[in-house]
Amino acid sequence: MYDVVTQRIEQSPRFKELVARRGRFAWTLSAIMLGLYVAYILVIAFDPQLFGTRISADSSITWGIPAGLGLIFSAFILTGIYVKRANGEFDDLTAEIIEEAQQ
Amino acid sequence: MMSRLLAGAALLFVAPSLWAAGALEGEVVKQATNYTAIVMFLVFIAATMGITKWAAKRNTSTSDYYTAGGSITGFQNGMAIAGDYMSAASFLGISALVFASGYDGLIYSIGFLVGWPIILFMIAERLRNLGKFTFSDVASYRLGQTQIRILSAFGSLTVVAFYLIAQMVGAGKLIQLLFGLDYLVAVVLVGVLMVMYVLFGGMLATTWVQIIKAILLLSGATFMAIMVMKHVGFDFGRLFSEAISVHAKGESIMSPGGLVSDPISAISLGLALMFGTAGLPHILMRFFTVADAKEARKSVFYATGFIGYFYILTFIIGFGAILLVGTNPEFKDASGAIVGGNNMVAVHLASAVGGNLFLGFISAVAFATILAVVAGLTLAGASAVSHDLYACVIKKGKAREQDELKVTKITTLALGVVAILLGIAFEKQNIAFMVGLAFSIAASCNFPVLFLSMYWKGLTTRGALFGGILGLGTAVVLTILSPTVWVSILGNAQAIFPYEYPALFSMIVAFATTWFFSVTDKSQAASEERARFLPQFIRSQTGLGASGAVAH
Chain E
1 MYDVVTQRIE
11 QSPRFKELVA
21 RRGRFAWTLS
31 AIMLGLYVAY
41 ILVIAFDPQL
51 FGTRISADSS
61 ITWGIPAGLG
71 LIFSAFILTG
81 IYVKRANGEF
91 DDLTAEIIEE
101 AQQ
Chain S
1 MMSRLLAGAA
11 LLFVAPSLWA
21 AGALEGEVVK
31 QATNYTAIVM
41 FLVFIAATMG
51 ITKWAAKRNT
61 STSDYYTAGG
71 SITGFQNGMA
81 IAGDYMSAAS
91 FLGISALVFA
101 SGYDGLIYSI
111 GFLVGWPIIL
121 FMIAERLRNL
131 GKFTFSDVAS
141 YRLGQTQIRI
151 LSAFGSLTVV
161 AFYLIAQMVG
171 AGKLIQLLFG
181 LDYLVAVVLV
191 GVLMVMYVLF
201 GGMLATTWVQ
211 IIKAILLLSG
221 ATFMAIMVMK
231 HVGFDFGRLF
241 SEAISVHAKG
251 ESIMSPGGLV
261 SDPISAISLG
271 LALMFGTAGL
281 PHILMRFFTV
291 ADAKEARKSV
301 FYATGFIGYF
311 YILTFIIGFG
321 AILLVGTNPE
331 FKDASGAIVG
341 GNNMVAVHLA
351 SAVGGNLFLG
361 FISAVAFATI
371 LAVVAGLTLA
381 GASAVSHDLY
391 ACVIKKGKAR
401 EQDELKVTKI
411 TTLALGVVAI
421 LLGIAFEKQN
431 IAFMVGLAFS
441 IAASCNFPVL
451 FLSMYWKGLT
461 TRGALFGGIL
471 GLGTAVVLTI
481 LSPTVWVSIL
491 GNAQAIFPYE
501 YPALFSMIVA
511 FATTWFFSVT
521 DKSQAASEER
531 ARFLPQFIRS
541 QTGLGASGAV
551 AH
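Residue numbers (the UniProt record's numbering), protein chains in the order written: chain E, 1 to 103; chain S, 1 to 552.
If you are wondering where the hints come from, they were derived from the structure by calculation, not from laboratory data. Quick caveat, the model's predicted, so the values are computed rather than measured. By construction, the Cβ of each residue, glycine as well, lies at the ideal position given by its N, Cα and C atoms. Treat the hints with care, since some could be wrong.
What the hints assert, rightly or not - Here are the simulated DSSO-like cross-link-like pairs (lysine-lysine), alpha carbons at most 30 Å apart as the crow flies: (1) S/Lys-230 to S/Lys-332; (2) S/Lys-457 to E/Lys-16; (3) S/Lys-132 to S/Lys-409; (4) S/Lys-428 to S/Lys-332; (5) S/Lys-132 to E/Lys-16; (6) S/Lys-457 to S/Lys-395; (7) S/Lys-406 to S/Lys-132; (8) S/Lys-294 to E/Lys-16; (9) S/Lys-457 to S/Lys-522; (10) S/Lys-522 to S/Lys-396; (11) E/Lys-84 to S/Lys-132; (12) E/Lys-84 to S/Lys-294; (13) S/Lys-396 to S/Lys-457; (14) S/Lys-53 to S/Lys-132; (15) E/Lys-84 to E/Lys-16.
As the list claims (entries may be wrong) - Simulated DEER-style distance windows between Cβ atoms: (16) S/Ile-424 to E/Ala-31: 44 to 54 Å; (17) S/Val-519 to E/Ala-31: 20 to 30 Å; (18) S/Lys-428 to E/Ala-20: 56 to 66 Å; (19) S/Lys-396 to E/Gln-11: 33 to 43 Å; (20) E/Gly-70 to S/Val-519: 36 to 46 Å; (21) S/Glu-401 to E/Asp-3: 21 to 31 Å; (22) S/Pro-329 to E/Ala-31: 43 to 53 Å; (23) E/Ala-31 to S/Ile-469: 25 to 35 Å; (24) E/Gly-23 to S/Val-519: 18 to 28 Å; (25) E/Trp-27 to S/Gly-237: 37 to 47 Å.
Claimed, not checked - Here are a few chain S residues that sit away from chain E, every Cβ distance over 12 Å (derived from the structure): (26) Ile-51; (27) Arg-58; (28) Ser-90; (29) Lys-332; (30) Gly-340; (31) Tyr-390; (32) Phe-426; (33) Ile-469; (34) Val-476.
Based on the sequences and whatever the hints tell you, model everything.
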């Protein structure tokens with residue numbers, strides 16, 4: 001009931017590899033992002049004073065500042081990492097799979 | 001231990017009371033007419049109307065109208081998404097929160113940001129590969145077209161309506177405050193301008209209004225942050241230590257404070273925030289304006305960058321306001337409160353660092369910000385009616401393109417009139433719950449159907465229909481029974497549903513009923529729908545057969 005290209009892609013071992021690799025990558029990055037966020041929040045809940053501690057005796061900057069900014073940067077960096085690999089490696093692999101199936 | 005755990009879980013997300021910052025609340029005092037601001041704003045209108053005229057010439061097909069022909073680049077779309085997401089309320093509200101309690105403002109803004117990477121990893125590319133104009137294209141891809149389109153069009157319109165009311169009322173009050181214009185004039189002005197952009201310029205003009213607004217807002221905020229840092233010799237240590245010495249709360253502004261009022265409500269709100277963003281029709285629609293999945297991914301990358309940068313700026317601006325606004329008697333009334341309320345600190349700071357001219361600029365930017373958001377909402381609402389209901393349900397996908405465009409334009413006009421009337425009707429009402437309700441409905445109706453249609457083979461039309469309707473219904477009913485509506489608005493003594501936000505419960509209802517009515521669906525149609533998952537899956541993964549950009 002499917003067209004022939006779809007059938008070929010379905011049976012292609014490289015398609016299975018693409019799905020597995022990209023799926024693993026996406027879930028891993030999601031877990032890292034949520035993990036960092038949950039960790040940040042747990043510190044706020046259980047030990048807010050940790051984030052209220054000054055990073056050194058003569059600085060008014062507290063540990064909460066690098067932690068919060070770090071979280072913002074990591075959201076940006078994680079999306080960057082995903083886009084780089086998905087737009088390069090995974091898209092190349094996708095193009096090959098489609099080409100192979102259309103022959 | 002348990003209470004700490006609950007408090008911790010609550011902090012996972014943000015305090016519900018803060019949600020009120022999403023819509024400018026309470027009594028506002030009409031200010032003296034600000035001519036600099038009005039001139040700046042007229043320049044903005046002239047420029048965006050020029051763009052609308054240019055875009056109108058290019059709008060010949062439905063694809064141009066709904067998605068700018070898929071011609072927007074990833075970078076432009078990232079900017080437009082940021083322009084759609086950074087509302088006037090978040091600019092004024094978050095800087096006000098930092099001004100009042102320091103560090104807590106950062107926790108709050110981080111809650112808004114972490115949903116974006118998840119949208120990228122989980123739904124962005126599948127959405128782009130499967131859809132054409134609206135997210136209903138994706139939700140109904142292998143399910144019963146008629147039922148699922150009606151369901152998701154209804155979900156979209158409900159979300160758009162609540163969001164629009166909150167924006168219109170907020171706009172009226174903000175403009176009263178910033179420009180000294182009458183509430184009625186302000187609401188009519190916003191309604192007319194948004195209809196003009198969408199009616200004539202479609203997605204192309206809407207996108208550029210959002211891009212220009214994002215550039216203006218980011219550069220204005222950057223300038224303010226630089227001026228604040230210049231004041232303290234570009235030394236963060238000095239910024240914080242000077243703020244500690246003048247702030248009433250002293251040292252405690254540098255550590256997490258008491259942001260929690262009620263843990264369950266806070267968790268509920270957090271869920272609404274994260275998954276609601278992934279169910280907002282005007283945000284999802286933006287993913288179809290780019291050529292392919294590659295560009296869709298890039299859009300989220302840039303959007304996350306711009307939005308994150310914006311939150312860092314508002315943090316600096318809030319601390320700058322502690323130093324430069326909180327200590328200046330010029331910005332306080334006789335009782336020592338900030339003129340116009342705490343939400344005005346960023347505006348006062350603009351005047352403190354850049355004088356009257358810059359104050360006018362920031363006021364104009366705040367107005368432009370509202371226009372960009374309501375234009376996106378209107379377009380999403382119009383496409384739900386014309387594409388999903390008219391073309392796909394009534395005409396069974398055989399509508400003539402010209403007729404479909406005509407329906408879009410009539411709907412846009414109607415939405416404009418409705419928005420103005422609702423804005424007037426709700427002027428004196430408590431609208432604090434509406435943005436929260438819009439997000440809760442998006443998270444409990446649109447998101448579950450969309451997500452499961454892409455990820456779960458077992459989903460059937462019957463399951464999606466029951467889940468979506470019950471999710472939406474639960475969200476609405478629980479909101480009505482909540483303290484905000486049942487007690488504050490309807491005047492009853494005791495709320496029947498004790499929590500402020502329904503998403504935690506309504507999402508469970510939506511997912512559970514969708515699952516139950518799908519697995520028990522033994523019909524012939526259901527097994528065909530399950531069989532169609534495979535080709536859908538292959539297209540969602542490879543983009544094979546996905547709608548591409550239209551060449552001009």
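Honestly, which of those hints from before does the structure not fit? Of the numbered hints, all hold.
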